[in-house]
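Number of protein chains: 8
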Amino acid sequence: MIFKEFDRIVFTGDSVTDAGCQKPVGEGLFDSLGNGYVREIENLLVACYPDLKLRITNTGVSGNTSRDLLKRFDDAVINLNPDWVSICIGINDVWRQFDVPAIPESAVQPEEYRKNVEEMILRIKNELNVKGIFLCTPYYMEPNKDDWMRAKMDEYTAICKELAEKHNLILVDFQAMYEKYLKYRHSASIAWDRVHPNRMGAVMMAKEILNHCDFDYNREF
Amino acid sequence: MIFKEFDRIVFTGDSVTDAGCQKPVGEGLFDSLGNGYVREIENLLVACYPDLKLRITNTGVSGNTSRDLLKRFDDAVINLNPDWVSICIGINDVWRQFDVPAIPESAVQPEEYRKNVEEMILRIKNELNVKGIFLCTPYYMEPNKDDWMRAKMDEYTAICKELAEKHNLILVDFQAMYEKYLKYRHSASIAWDRVHPNRMGAVMMAKEILNHCDFDYNREF
Amino acid sequence: MIFKEFDRIVFTGDSVTDAGCQKPVGEGLFDSLGNGYVREIENLLVACYPDLKLRITNTGVSGNTSRDLLKRFDDAVINLNPDWVSICIGINDVWRQFDVPAIPESAVQPEEYRKNVEEMILRIKNELNVKGIFLCTPYYMEPNKDDWMRAKMDEYTAICKELAEKHNLILVDFQAMYEKYLKYRHSASIAWDRVHPNRMGAVMMAKEILNHCDFDYNREF
Amino acid sequence: MIFKEFDRIVFTGDSVTDAGCQKPVGEGLFDSLGNGYVREIENLLVACYPDLKLRITNTGVSGNTSRDLLKRFDDAVINLNPDWVSICIGINDVWRQFDVPAIPESAVQPEEYRKNVEEMILRIKNELNVKGIFLCTPYYMEPNKDDWMRAKMDEYTAICKELAEKHNLILVDFQAMYEKYLKYRHSASIAWDRVHPNRMGAVMMAKEILNHCDFDYNREF
Amino acid sequence: MIFKEFDRIVFTGDSVTDAGCQKPVGEGLFDSLGNGYVREIENLLVACYPDLKLRITNTGVSGNTSRDLLKRFDDAVINLNPDWVSICIGINDVWRQFDVPAIPESAVQPEEYRKNVEEMILRIKNELNVKGIFLCTPYYMEPNKDDWMRAKMDEYTAICKELAEKHNLILVDFQAMYEKYLKYRHSASIAWDRVHPNRMGAVMMAKEILNHCDFDYNREF
Amino acid sequence: MIFKEFDRIVFTGDSVTDAGCQKPVGEGLFDSLGNGYVREIENLLVACYPDLKLRITNTGVSGNTSRDLLKRFDDAVINLNPDWVSICIGINDVWRQFDVPAIPESAVQPEEYRKNVEEMILRIKNELNVKGIFLCTPYYMEPNKDDWMRAKMDEYTAICKELAEKHNLILVDFQAMYEKYLKYRHSASIAWDRVHPNRMGAVMMAKEILNHCDFDYNREF
Amino acid sequence: MIFKEFDRIVFTGDSVTDAGCQKPVGEGLFDSLGNGYVREIENLLVACYPDLKLRITNTGVSGNTSRDLLKRFDDAVINLNPDWVSICIGINDVWRQFDVPAIPESAVQPEEYRKNVEEMILRIKNELNVKGIFLCTPYYMEPNKDDWMRAKMDEYTAICKELAEKHNLILVDFQAMYEKYLKYRHSASIAWDRVHPNRMGAVMMAKEILNHCDFDYNREF
Amino acid sequence: MIFKEFDRIVFTGDSVTDAGCQKPVGEGLFDSLGNGYVREIENLLVACYPDLKLRITNTGVSGNTSRDLLKRFDDAVINLNPDWVSICIGINDVWRQFDVPAIPESAVQPEEYRKNVEEMILRIKNELNVKGIFLCTPYYMEPNKDDWMRAKMDEYTAICKELAEKHNLILVDFQAMYEKYLKYRHSASIAWDRVHPNRMGAVMMAKEILNHCDFDYNREF
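Going line by line, the protein sequences match chains R, V, A, W, P, L, S and B. Mapped onto the working numbering, the consecutive letters of the first sequence carry residue numbers 1 to 221. Mapped onto the working numbering, the consecutive letters of the second sequence carry residue numbers 1001 to 1221. Mapped onto the working numbering, the consecutive letters of the third sequence carry residue numbers 2001 to 2221. Mapped onto the working numbering, the consecutive letters of the fourth sequence carry residue numbers 3001 to 3221. Mapped onto the working numbering, the consecutive letters of the fifth sequence carry residue numbers 4001 to 4221. Mapped onto the working numbering, the consecutive letters of the sixth sequence carry residue numbers 5001 to 5221. Mapped onto the working numbering, the consecutive letters of the seventh sequence carry residue numbers 6001 to 6221. Mapped onto the working numbering, the consecutive letters of the eighth sequence carry residue numbers 7001 to 7221.
The following block holds chain R by itself, in its conformation from the complex (with noise of 0.2 Å):
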């Protein structure tokens, strides 16, 4: 597997990422790590590899954006050292145009996304020593790609892919792992909103990441 022994992995993000998870920096005993993908991706990491010591760290805000994440960057990422991190973010960026699409300033458009993420990229190379980063895409549980915030959303999952190609990152397109998904289910079985996953979708989520991480799921210990 990519990480070693006391690896640090930095998860952050909105309220997907959130879930409820210990403010400011989820990690820890008890319920710090919330109750979505990153409580699962530590689950499962202790679970197949126990033998091995990874501090799992959430600082998913709720509600974020593109630019709240970016303001709070110290604090979120750069403050905490870490070996790995793994950034999902946009989903609300594209929300508000479509929830109060009459305060416009409360959304975050493409070319504002793209500047903010790649600033957040940089800042990562440039400031921490780093053995890897996850961009993963924001998205939208909705197979219809003519969907307003479907395709909206789309515009921001391309930014995604062009900053992980242009920076080298491992790209995790939760928006492709939906999709073969909702070929076999309705949205309405693992999101009411099509957008905060149940913790089936927690489970599905998590095992997105570890897919790029050369995870055995059978391993012997």
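Honestly, the hints are just simulated from the structure, not real lab data. Here the structure is a predicted model, which is why all the values come from computation and not from measurement.
Using 30 Å as the maximum straight-line C-alpha spacing, the simulated DSS-like pairs for lysine-lysine come out as follows:
hint, chain 1, residue 1, chain 2, residue 2
1, R, Lys183, S, Lys6004
2, L, Lys5023, W, Lys3023
3, R, Lys180, S, Lys6004
4, S, Lys6145, B, Lys7145
5, A, Lys2053, R, Lys115
6, A, Lys2071, P, Lys4023
7, V, Lys1183, R, Lys152
8, S, Lys6053, V, Lys1152
9, A, Lys2053, R, Lys71
10, S, Lys6183, B, Lys7145
11, B, Lys7152, S, Lys6152
12, W, Lys3180, A, Lys2145
13, W, Lys3053, L, Lys5071
14, P, Lys4180, W, Lys3053
15, P, Lys4145, L, Lys5180
16, B, Lys7183, L, Lys5004
17, S, Lys6152, B, Lys7180
18, P, Lys4152, B, Lys7004
19, A, Lys2145, P, Lys4053
20, P, Lys4183, L, Lys5180
21, B, Lys7145, S, Lys6180
22, A, Lys2145, W, Lys3145
23, W, Lys3145, A, Lys2183
24, V, Lys1053, W, Lys3152
25, L, Lys5180, B, Lys7053
26, L, Lys5145, W, Lys3053
27, L, Lys5145, P, Lys4183
28, R, Lys152, A, Lys2053
29, A, Lys2180, V, Lys1053
30, A, Lys2152, W, Lys3145
31, R, Lys53, B, Lys7071
32, A, Lys2183, V, Lys1004
33, P, Lys4053, A, Lys2071
Starting from the structure of chain R, add chains V, A, W, P, L, S and B where the hints point.
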């Protein structure tokens, strides 16, 4: 307007009607009518026709399918001796097929739905002496007719239309109403789960019903 | 209608406006607008004009007199840079004279009220570039003009009328509106204390404001 | 004073009497008497006559009309075997006519009120051996006799007066008492809804009852 | 009566005065005066003298000794500019000697008590222009003068009497009042801990203060 | 020590025994024994005799008089088939005479108390095969024997002593124990109401019972 | 995989299975499956086999011994007509021997345990037509085989193994699984009490069961 | 006994000492001492030596390691000017090594532990004038010395013993005490997590400390 002094209008259905109304019968003081379209109907009736005493009753129950509503139809409608009845049922009949697909008996298939609703209509016609029956279509705030749940819901809506015509009911086509709205705004602006409207949606639904009632918003009194 | 795409309309006042809105500024998702007439105004605007994006903002604060509102007028109105402003203040200026008569400084006498409201109007006119100002009269849901509190309130209402005419504002006469209603129903049907309307009263107030806006309830879209 | 050692005095009625008393019978330790005039009566009795043991019992139930009270009269009065009974009922008989005018059976019309109260009186006289009966008028803290609810309440007050005279009861005229008070202060100072007194009103009511009891506030002991 | 229109009477002290009043200053609407004797004083003043506007203010703080009260005397009394002041302090000065005997600095010995109370009196006399000062004795609802706490409390009561005479104050002897009561009933009937009165005790205390005010319970208005 | 492996000791009584224990039978895990002397007895038994399994059961019920306890004696004692029984009852028999003197049937007079307790003793002797019975005196933490409630309580204590001697029971004289304590500290240090001990008092009571059991605090194991 | 479309798998047992599941039968929407290994099993099944509809049912009840489970076996298993049954019982049978040693009837001895579990197996075999039975061993997360509770638990585990072999069941050896884990991490990392796993432990248990099901974590769909 | 009139004894440490005590300093009325061994120490002191006033103070803070306690040592000990100090620290220093092994800085290694505790001792000796210092060993209620956490804890216990001898402190060996207990009962009977004692364990710890104090349980007074 079609309603006359002291008419009693009973609205029944599932959580969309219920919206937190008093149990077993919601009417009278305080929050007894709940927080949904029934509340907004009384608001508009009293605001525009304060000189007319109309008794609005809500017997919606959250989670009900047409099978559940039929079982409690004595308490929900018959024993209340209404002058008008409004039924809005079917969303859960469909939803359970998609959110818990492994538990088939929690859902209701189209043929049973038709039978259930028709039995309700016949019971009203046979056992009561009402001035009119509103049959409201179930709906899914999804503009894409190929969405599995929307497509399935359309089958139930079609059944409502047939039954309304066959039995000479007042058809309230909530699906068509939301369809018009969705041409301008995304469903995220009125419902997180494309089913339960926020208060803007509740007013839209109230207006849709009153549109069939010769209701005058600008009436002088 | 008088409102145009992306207009921001700020409603401010006391508990009748507040109605549990988000602090310090109520707008956007969930229950941010509170549970009163501002909520119902947005409901009707969105239900009838979904194609028009209008930003509704609520800065009412429970218990405010005109003196309190003037003190926080930067935060309540000026800094928000609205296109339209609606002010409904004065009820507590009067009420405190009757419910705690031994604490005179908790109330505001008519001359100070006139000065306070006029200063608000002038600040809007001088510091902002608005399209219109709604001045809503305070009211007491009491048909008897000899009632002490109603009689006193009428002095404040008269001041509003003078100021509206002098400064060319849109006068919303809530007192006259409730007076018409009270010809048909007792105040007990819409407010326990003759001040705080239930949701039927909230719709009445919303309609009264929209009556000055070329609002079309039956508009096709 | 008219009460003697170990006399039991049962007060019954609606929410004004109830005021949060213990159910089904309020008496004894802690807050069992509620927070209204019955509480203040015991306060004054014990403060001025500590040498006299008097058993004060409260069986008021919030929301009761005379019809409701008559139905539970065995539990509320007869089975308690009191030496004195005080009845204060009728406010809800009237109120329901104005706050939910479309639900007529929730109110009680004057003729039924007369019948209900007279049956209570006769049951006490026939089935118990009491030393005296207090009949307290319902009231509305509204000085304007043309107010619809006040005018209607006056019909019920008049019935109380007739019945008190006919059956030789102690009439406690709460309406007259509040009328005197309202010459000096607005109702807003003692009740938000002109019905439920705050604690100042509760003391006024207690004093009004004790005025018929040869009660001495300045008694030395 | 000794109080005149718009007089402000400030009551201060410990938990017996506090009784849950609003902080930092209890007065005005709702439960701001707490649930003790100050509440009952306003009740009786308004019930008997509704034509007289009197401002009742409560600044008691639970747990205060005379040392604590002296420290906050600016906020508790001086800055409020009262016309009358009533002080009831000393119970905790004594109580702490008996319930936590191992923490001597939590109590206040008699000589410090005398100094503290006299400084309060002098501050009122020097810095305010009051019409009168009520000095209420601390008390212990214990008839046995040999009880350690009662015996100690009597020392503090004696100091109050000396100070009242020396400075020409209105002495309210709560200890003597309770002593009379305890000839007829056990302390268990008004206070579980022989200190905090239930509402019957609160009325007794209110009456004891009003006895020094030419208060007329049977006044016609 | 007098208790042997697997002995079951049932403690019953009023709130002093109850102290929040599990209902209907307090024993086993967590807080099932409540927070009073029964809890402290098990604490000391386990701390000093961990090698001995003793089953401690608490069936005290708050507010019980001897009359109440006798009525539920099957559930409280007989059906539990104990090896030892400890009864501590009588405080409420007396207290109700003083805190609610106007409701005489809520108290129990001495002759009935004697009869009730003796019937409990005889039922144990006749229906069970116990190794011993502890009869604990009721008490009032009041050193002054002329205090009305203490004087009355002494009558009940005397009855306990007679019955203990007559039936050869183990008498636990809580009144004498508290009397010794009150020579050194005021009752305010262990109970606000002179009845319900804080946890220091609970340990004193536990020790008093264990003093009759050949209990060795310094035992080596 | 061994499970086929629409198979119903019922998991029953004690608090480890229960984990806060819905009562009386946990399945379907929201948190109905609780927060333990059953939840994680459905998570993994849906994440890897979304094309397969499997009905997962949880009837665990906190605190159950094998005796308790046998008593409710109709409701817990038989009446649900499952295709597969998984039983995990026995921990409380052992635990009660150590945490409340003085109450022997709260525990279940090995011979009764064998009898209880075998009766469950036979009932399933005789009354249902299942495709397979999982028998999960009880466990104690304690690596030291000389620990009293571990040693005792091993007797129960041995019985499970015998019964699984005799009746040809799928044996899930949780004790062996935890033993492997405890070679690398201390039990404090997954359970405070060595019994109730945190969510990492829940995933380990889910994986252990799925290991017997030809489950493919990396399956493409 | 070694404690003299008015001695102040400060107990500090982690959650075992804290047990819900008042912050920042636990002493005096009500539940200020928490629910653990400090509470039981005062209970026994007052029950056996009521004639002796001893001030018991608790400054334990849940979750503290020796590093945390050293940081707050001014507030926890020095500024309180105690006559005796009791320190029980180290459990979290060890525990964090096992429950969150991937976050090494949350734990404290032996050499730092030695340094931290010795600095506490020296500060007491240099800055205060105490009569004695109790150094209580950390412990783990685990009889198996090969258990990782027990083995590690033994290193810290050994350090305590060295420091106690070197600095002439009163060593309280909780580990040895629990070891004796665990010969007779399983740890499950006093602590679910082998660290936090229930109230039986709290009494055992209190007794262990008092064993070093010439405490006489059977003293007559």
